[in-house]
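Chains as they are written, first to last, in my numbering: chain B, 1 to 258; chain V, 1001 to 1321.
Derived from the structure by calculation, the hints contain no laboratory data.
There could be a bad hint or two in this list.
Claimed, not checked - Computed list of lysine-lysine pairs in BS3-like fashion (alpha-carbon distance at most 30 Å, straight line): (1) 141(B) to 1292(V); (2) 154(B) to 1292(V); (3) 1003(V) to 75(B); (4) 200(B) to 110(B); (5) 95(B) to 78(B); (6) 1003(V) to 141(B); (7) 1139(V) to 95(B); (8) 110(B) to 154(B); (9) 154(B) to 1201(V); (10) 200(B) to 73(B); (11) 154(B) to 251(B); (12) 110(B) to 1003(V); (13) 1003(V) to 128(B); (14) 251(B) to 200(B); (15) 73(B) to 128(B); (16) 7(B) to 141(B); (17) 173(B) to 1201(V); (18) 110(B) to 95(B); (19) 128(B) to 141(B); (20) 1003(V) to 112(B); (21) 7(B) to 112(B); (22) 73(B) to 1292(V); (23) 251(B) to 7(B); (24) 128(B) to 1006(V); (25) 128(B) to 1201(V); (26) 1292(V) to 78(B); (27) 110(B) to 1292(V); (28) 1292(V) to 112(B); (29) 1201(V) to 95(B); (30) 154(B) to 141(B); (31) 112(B) to 141(B).
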Amino acid sequence: MTLLDIKELTKSFGGLTAVSNVTMHLNDNELVALIGPNGAGKTTLFNLLTGVIVPSEGTIAMQTDNGLQVLNKMKPYKVAQTGLARTFQNIRLFKDLSVLDNVLIAMTAKNKEGFFSSIFRLPSFYHKEAALRQEAIELLKIFDMQDQIDNLAKNLPYGEQRRLEIVRALATKPKILFLDEPAAGMNPEETADLTRLIRKIQQEFHITVLLIEHDMSLVMNVAERIYVLEYGQLIAEGTPTQIQQNERVIKAYLGGES
Amino acid sequence: MKKNLKYNLTWLAIMVVGYVVINLLEFAGIIDQFGENTMVLIGINIILATGLNLIIGFSGQFSLGHAGFMAIGAYVCALITSSVATPMGMAIGMIAGAAVSALVALIVGIPTLRLDGDYLAIATMGVAEIIRIILNNLKITNGPAGLYNIPLLATWPVVYFMVCVTTLIIVNFIHSRDGRAVMSVRENEIAAESMGVNTTKWKVLAFVIGAATAAIGGALHANYIQTIAPTDFGIMESINILIIVVLGGIGSITGTFVAAVVLGLLDMILQNFGTLRMVLYSLALILLMVFKPSGLLGTWEFSVRNLFNRFTRSTKQKGDA
């Protein structure tokens, strides 16, 4: 089943067309990678999909419980509430808050509370708060971070900060998870860990993952399907083996006469 | 659940004990008229500064317009208590002042909170200035001469009670899901937004609550000093409140309390130095900022829960040894 349907998506900044006429789709419970040389428009595409920037043309439609919903002009927080969560290329954690709070904040949107029940500390406040805390800890346990809950996010080692970003994104209970270069700055060992982690997320949470990545070992290892972007245009789509043999892709990465 | 009750009761006990102690000191003559004056002004400053700390320290929006919202509360309450000079009138005046101030903050906040940092500071400063100029030109506010003969209804027990109420509201707000959402805006707006947090809504809400508390502070100010004029609510008043917040530690309500008390006492002691007073006051501020740039307490908060935990831990260790 198609979960996210992107049709003829275009974004131009003045004279520069950063993303041009991109049509792609994401299926249910699938792991898709988006690759391409630097400046190909991958992050711009991510920002379009998550509502950070508004597309010039084209449509983004998502299959939700209430039928097909067009995400084009929605604010980012609305997009997030419909079930799209993301991580960032340059880590954007809530640095001065604890690991637990980072996760709890991601849960706020789906757990509204009355202003008065929190001001007057009604019993319902404590019940709800304890339940949320428990849920957050369970989630952190899956990623072996339960010992870190009281640490400030900024004091975590780099690899764990990246992991916390993923946990935080999952706490919003998304249908689709966007990972923007999760292996950036990692050594081979950490990348191998991450590979296992991404597989685990798919198995345990049954969600669709779209991955932007430069590390080809990671991409070829985990992706079921790959889209290749160059100069804002989609130049190839296929399984890892197909992509490895695709001439246009090789040319885009290694250069060559056209 | 029982534990939470224990913590809440401890807080209640602290508040009651504070009230009784002040009463005893007054009775014993240790706090004289001058001391009471200082105490009330400290209390009002605490109310004003905790509201501003919510805006600056927790939602991360830099506002220089606090005196404007204080003025709204002061004028609304003064006008009401001038015709209904009873404690009931005072209560209605405070609520009405807070409501008007909140409404103005809502109208102003939605467009201006799109700005950030220095731009927001200048925009809010402009808002406060507009409020001051309107008060300066309206008939009902008696123009530049201001209002006088306002009944003295903000006695110290009233101020003490309002300090407790506003602090409870703000602290409980901060330590809830709503408060976490507000803090996520301060930490990283883009990330908060992509986690489904409606950042505009929380920014505006924090701003509105801050403005409402400023109005309560203003109302108490008016009914204690008994005369108010538009010049009382200029940019310097906003800066004075800002100083308390920065000095105590941006993002620490406990710090705001400590700073308000320290500055109040400093001001009282320096009364004896005549013209040198402002120089010494400023010097003290400069020294504090040089040696403790994060404020007196940084972001540290006093917490009954932690106190209890530490106590039980230390008794356990003793038991083990």
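Here is how each hint holds up against the structure:
Using a Cα cut-off of 30 Å, the hinted pair residue 141(B) and residue 1292(V) is violated, with the two alpha carbons roughly 38 Å apart. The hinted pair formed by residue 154(B) and residue 1292(V) meets the criterion: a straight-line CA distance of about 22 Å does not exceed 30 Å. Distance hint between residue 1003(V) and residue 75(B) is unfulfilled; the C-alpha atoms sit about 41 Å from each other, more than 30 Å. At most 30 Å may separate the alpha-carbon atoms for a hinted pair to count; residue 200(B) and residue 110(B) meet this at roughly 24 Å.
As the CA atoms of residue 95(B) and residue 78(B) are separated by approximately 24 Å, the hinted pair is consistent with the 30 Å bound. A hinted pair counts as satisfied when its Cα atoms are at most 30 Å apart, and residue 1003(V) with residue 141(B) qualifies at roughly 25 Å. Straight-line distance between C-alpha atoms of residue 1139(V) and residue 95(B) comes to about 51 Å, which puts the hinted pair past the 30 Å bound. Using a Cα cut-off of 30 Å, the hinted pair residue 110(B) and residue 154(B) holds, with the two alpha carbons roughly 26 Å apart.
Under the criterion of a C-alpha separation no larger than 30 Å, the hint pairing residue 154(B) with residue 1201(V) is consistent with the structure, at around 26 Å. For a cut-off of 30 Å, the pair hint linking residue 200(B) to residue 73(B) is broken: about 33 Å separates their Cα positions. Distance restraint check for residue 154(B) and residue 251(B): the Cα-Cα separation of roughly 41 Å exceeds the 30 Å cut-off, and the hinted pair is therefore not satisfied. For the proposed pair residue 110(B) and residue 1003(V), the alpha carbon gap of about 27 Å is at most 30 Å, so the pair holds.
For the hint pairing residue 1003(V) with residue 128(B), the CA-to-CA distance comes to about 16 Å; that is within 30 Å, so the pair holds. With a C-alpha separation of about 33 Å, the suggested pairing of residue 251(B) with residue 200(B) is violated against the 30 Å cut-off. Taking the CA atoms of residue 73(B) and residue 128(B), the gap is about 33 Å. The hint is violated against a cut of 30 Å. Note on residue 7(B) and residue 141(B): the hinted pairing is violated, with a Cα-Cα distance of about 39 Å set against a maximum of 30 Å.
Restraint check for residue 173(B) and residue 1201(V): the C-alpha separation of about 22 Å stays at or below 30 Å, so the hint holds. At most 30 Å may separate the alpha-carbon atoms for a hinted pair to count; residue 110(B) and residue 95(B) meet this at roughly 22 Å. The suggested pairing of residue 128(B) with residue 141(B) holds, with an alpha-carbon distance near 20 Å, which does not exceed 30 Å. A hinted pair counts as satisfied when its Cα atoms are at most 30 Å apart, and residue 1003(V) with residue 112(B) qualifies at roughly 24 Å.
Restraint check for residue 7(B) and residue 112(B): the C-alpha separation of about 34 Å exceeds 30 Å, so the hint is violated. Annotation: proposed proximity of residue 73(B) to residue 1292(V) is violated, straight-line Cα distance about 47 Å (limit 30 Å). For the hint pairing residue 251(B) with residue 7(B), the CA-to-CA distance comes to about 26 Å; that is within 30 Å, so the pair holds. At roughly 19 Å between alpha-carbon atoms, residue 128(B) and residue 1006(V) fall within 30 Å of each other, so this suggested pair holds.
Between the alpha carbons of residue 128(B) and residue 1201(V) the distance comes to roughly 22 Å, so the proposed pair stays at or under 30 Å and holds. Between residue 1292(V) and residue 78(B) the alpha-carbon distance is near 41 Å, which puts this suggested pair outside the 30 Å criterion. Restraint check for residue 110(B) and residue 1292(V): the C-alpha separation of about 40 Å exceeds 30 Å, so the hint is violated. The hinted pair formed by residue 1292(V) and residue 112(B) fails the criterion: a straight-line CA distance of about 39 Å is larger than 30 Å.
Using a Cα cut-off of 30 Å, the hinted pair residue 1201(V) and residue 95(B) holds, with the two alpha carbons roughly 22 Å apart. In summary, the hint linking residue 154(B) to residue 141(B) is supported, as the alpha carbons are separated by about 19 Å, within the 30 Å threshold. For the proposed pair residue 112(B) and residue 141(B), the alpha carbon gap of about 24 Å is at most 30 Å, so the pair holds.
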